[in-house]
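There are 2 protein chains.
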Amino acid sequence: MAVGPAILPVLHPINGVRLGIASAGIKKPGRKDVVVLEIAEQATLAGVFTQNAFCAAPVIISKEHLRQGANRYLLINTGNANAGTGAQGMQDGYACCSALAEAVGVTREDILPFSTGVIGESLPVDKIVSALPAALANLNDNLWAEAASGIMTTDTRPKGACVQFSYEGQTITLTGISKGAGMIMPNMATMLGFAATDAVVDAELLQALLKEAADLTFNRITIDGDTSTNDSCMLIATGKSGVVISKENETLYRLFKDALHQVMLELSLAIVKDGEGATKLVTICVESAATQKEALATAYTVAHSPLVKTALFASDPNWGRILAAVGRAGIENLQLDNLQIYLDDVCIVEKGGRADSYTEAAGKKVMSQENILIKIILNRGDISETVWTTDLSVDYVTINADYRS
Amino acid sequence: MAVGPAILPVLHPINGVRLGIASAGIKKPGRKDVVVLEIAEQATLAGVFTQNAFCAAPVIISKEHLRQGANRYLLINTGNANAGTGAQGMQDGYACCSALAEAVGVTREDILPFSTGVIGESLPVDKIVSALPAALANLNDNLWAEAASGIMTTDTRPKGACVQFSYEGQTITLTGISKGAGMIMPNMATMLGFAATDAVVDAELLQALLKEAADLTFNRITIDGDTSTNDSCMLIATGKSGVVISKENETLYRLFKDALHQVMLELSLAIVKDGEGATKLVTICVESAATQKEALATAYTVAHSPLVKTALFASDPNWGRILAAVGRAGIENLQLDNLQIYLDDVCIVEKGGRADSYTEAAGKKVMSQENILIKIILNRGDISETVWTTDLSVDYVTINADYRS
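Protein sequence lines, in the order shown, are assigned to chains A and B. Per numbering that gives the first Met the number 0, the first sequence starts with residue 0, numbered consecutively. Per numbering that gives the first Met the number 0, the second sequence starts with residue 0, numbered consecutively.
Keep in mind that the hints are not guaranteed to be accurate.
Since copy identity is lost for identical chains, a pair holds within one copy or between any two.
Said to hold, decoys possible - With a straight-line cut-off of 25 Å between C-alpha atoms, the simulated DSS-like cross-links for lysine-lysine are:
no. : residue 1 : residue 2
1   : K363      : K26
2   : K62       : K350
3   : K292      : K27
4   : K26       : K374
5   : K126      : K246
6   : K256      : K26
Bear in mind the hints are in silico, worked out from the structure with no lab data behind them.
Full structure from sequences and hints, please.
In structure tokens form, the structure reads like this:
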């Protein structure tokens with residue numbers, strides 16, 4: 000199941016990025032499961048990684064190499080997460096990097112590895128290394144869509160986004176792909192995102208822009224709060240357009256920032272919509288909170304409530320569940336009388352109880368939609384936050400209970 | 000579905016407590032839905048209540064009357080939670096108390112009201128008041144089992160516990176009942192517990208004992224973290240045995256404390272075992288944590304992880320899910336290398352990865368049991384904490400999605 004149509008937009012090439020894809024037979028023979036992403040010299044890179052205390056080996060290595068190297072290649076495999084694999088996992092990750100480095104004539108630190116798939120099984124280094132010649136042989140700048148398929152695990156659809164904008168007669172392109180069926184991959188490790196632009200952005204600014212965009216997109220989606228050990232999101236700026244992004248040129252900076260935000264939002268919402276068993280895309284806006292912390296605590300408590308999520312699945316305007324979730328979000332001195340809750344533009348809670356104007360029919364109508372907005376107005380300050388989530392369906396349980404049996 | 004046999008133990012009467020039960024027809028005609036619990040004069044009372052910011056009206060009133068009154072009666076209804084009902088809800092709660100007070104010749108503050116059932120609908124005061132004469136007419140000290148049924152909502156079985164112990168030739172009895180199918184009642188408000196003893200315990204000590212016992216029992220069970228607006232747990236000491244519990248008599252104090260803990264534990268585990276859709280009772284022990292906070296954060300993160308819970312449902316020893324949940328529990332500087340995880344006595348994780356001695360068959364055997372222990376040893380200090388939970392089954396979603404449709 001997934002929400003909305005499975006349309007992959009046109010993914011324009013980024014001058015300075017080439018992609019190669021091959022079959023290593025990691026989990027299924029013949030499946031495209033290795034992607035090599037080649038980055039032009041002089042490009043800048045930025046990365047954000049999982050906050051899980053148990054980073055997978057490829058995350059540890061990528062963070063290390065991102066600090067050390069003049070990074071030229073991303074090496075991505077699906078089918079095995081190389082997570083929970085101890086010292087051997089680190090050796091295996093390094094071995095794959097070294098093999099690719101040798102094949103293309105760079106150093107090991109120039110390679111960033113990414114793995115997604117089953118946790119706790121050894122990375123099949125030989126299979127991956129054997130697939131490298133084929134991947135390098137088909138390096139091409141127009142394979143983003145194929146790469147989007149090549150990094151899938153239990154995803155039901157490839158995910159990509161592309162935004163172009165013009166500035167003084169020049170076109171700047173941002174293209175990205177992502178994978179993950181929520182944060183919630185069964186025994187899988189999970190979210191990967193790769194985006195690139197032909198703009199010139201220095202490394203420090205690129206990292207700041209990625210961090211800010213990820214915080215408002217990838218870090219605001221949740222299916223059930225199960226953060227994986229492998230989550231990684233990379234942003235590459237090849238500089239090939241010659242258009243320089245800097246804070247000095249405010250107009251251009253704003254245009255670029257908005258375009259980046261849009262690409263990242265589309266990539267992350269694609270993950271939510273492909274969430275396991277998902278039938279609804281749910282936007283939770285918390286408005287007029289006193290602090291960001293309480294806004295997010297409220298939004299996530301509602302987003303993670305199994306009772307709210309099953310009500311969403313049932314298209315049931317069961318507003319007491321939303322109210323109860325807000326009430327247990329841990330906000331001090333929260334006054335029920337000041338709280339308002341809306342489903343789209345239907346007010347369900349105000350003045351300490353059900354809104355006078357509320358009718359079950361109006362609530363039911365919103366809850367039956369595929370896209371639902373839950374707006375919670377705390378009336379305590381001027382901070383707003385938005386998170387996105389899905390419903391909790393019978394299919395979610397079936398998928399996650401059946402996965403290894 | 001529920002875990003284990005549905006056996007209600009013998010619930011011995013408590014001298015000084017009488018119960019009366021009647022049908023008010025709140026939700027279903029003929030259903031016993033009103034319980035009056037009469038408490039002898041000179042008894043002491045203690046109570047612990049929901050931490051949800053949106054307390055239901057009966058919780059607010061009970062807390063108020065507990066401070067003010069010489070409490071003589073508990074008035075409990077099922078079928079309507081009188082929650083999310085604003086100012087009208089408070090009036091309705093007071094009206095029921097006043098009616099009972101008048102009927103028995105005490106003041107309103109001597110009555111503590113408790114409601115459980117649907118949120119957001121007005122309390123049917125007239126129906127409840129009409130049922131009071133019948134409830135008072137059958138007041139009897141041997142109706143604990145009937146009262147356990149009388150406070151049920153979607154519970155599939157009545158819940159009660161009784162412990163007796165002897166001290167210097169005297170028998171002290173503790174009897175209790177509870178209701179709730181987890182914290183997770185669909186649109187219902189939820190957990191109620193009522194226990195009584197014939198020991199003499201002064202009010203301050205009784206409150207401390209109840210708080211301590213509740214923290215280790217009722218406050219350590221979770222189905223999905225959805226705390227209700229109505230959770231209440233009361234402890235009554237009638238004093239009729241004449242046996243005085245105080246810290247001066249350490250032996251007797253310890254005996255009483257242990258008996259109270261046992262009654263509360265049985266009452267709370269009965270709720271978990273009757274959790275919606277539950278097929279497993281899961282005990283999560285976190286050992287050698289540095290602080291209570293990190294022990295509980297770890298235990299609850301595992302207990303609330305939908306991926307862990309669906310693996311439990313599937314009897315799938317999917318240890319990577321447990322590891323990933325521990326990793327996202329927010330513990331600073333957690334070292335994977337020092338961590339050990341056991342399923343019963345089967346070591347699944349040590350030295351940074353899957354234990355060498357681990358076999359899938361051994362893991363599968365434990366996961367197939369109805370009672371499962373997940374032991375997580377952090378090796379950071381000397382604090383241990385235990386929480387209890389259930390699996391997440393297809394039935395859980397079905398029950399909660401179908402409830403109002």
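Problem - Structure-inconsistent hints, enumerated in ascending order - result: Violated: hints 3, 4, 5, 6.
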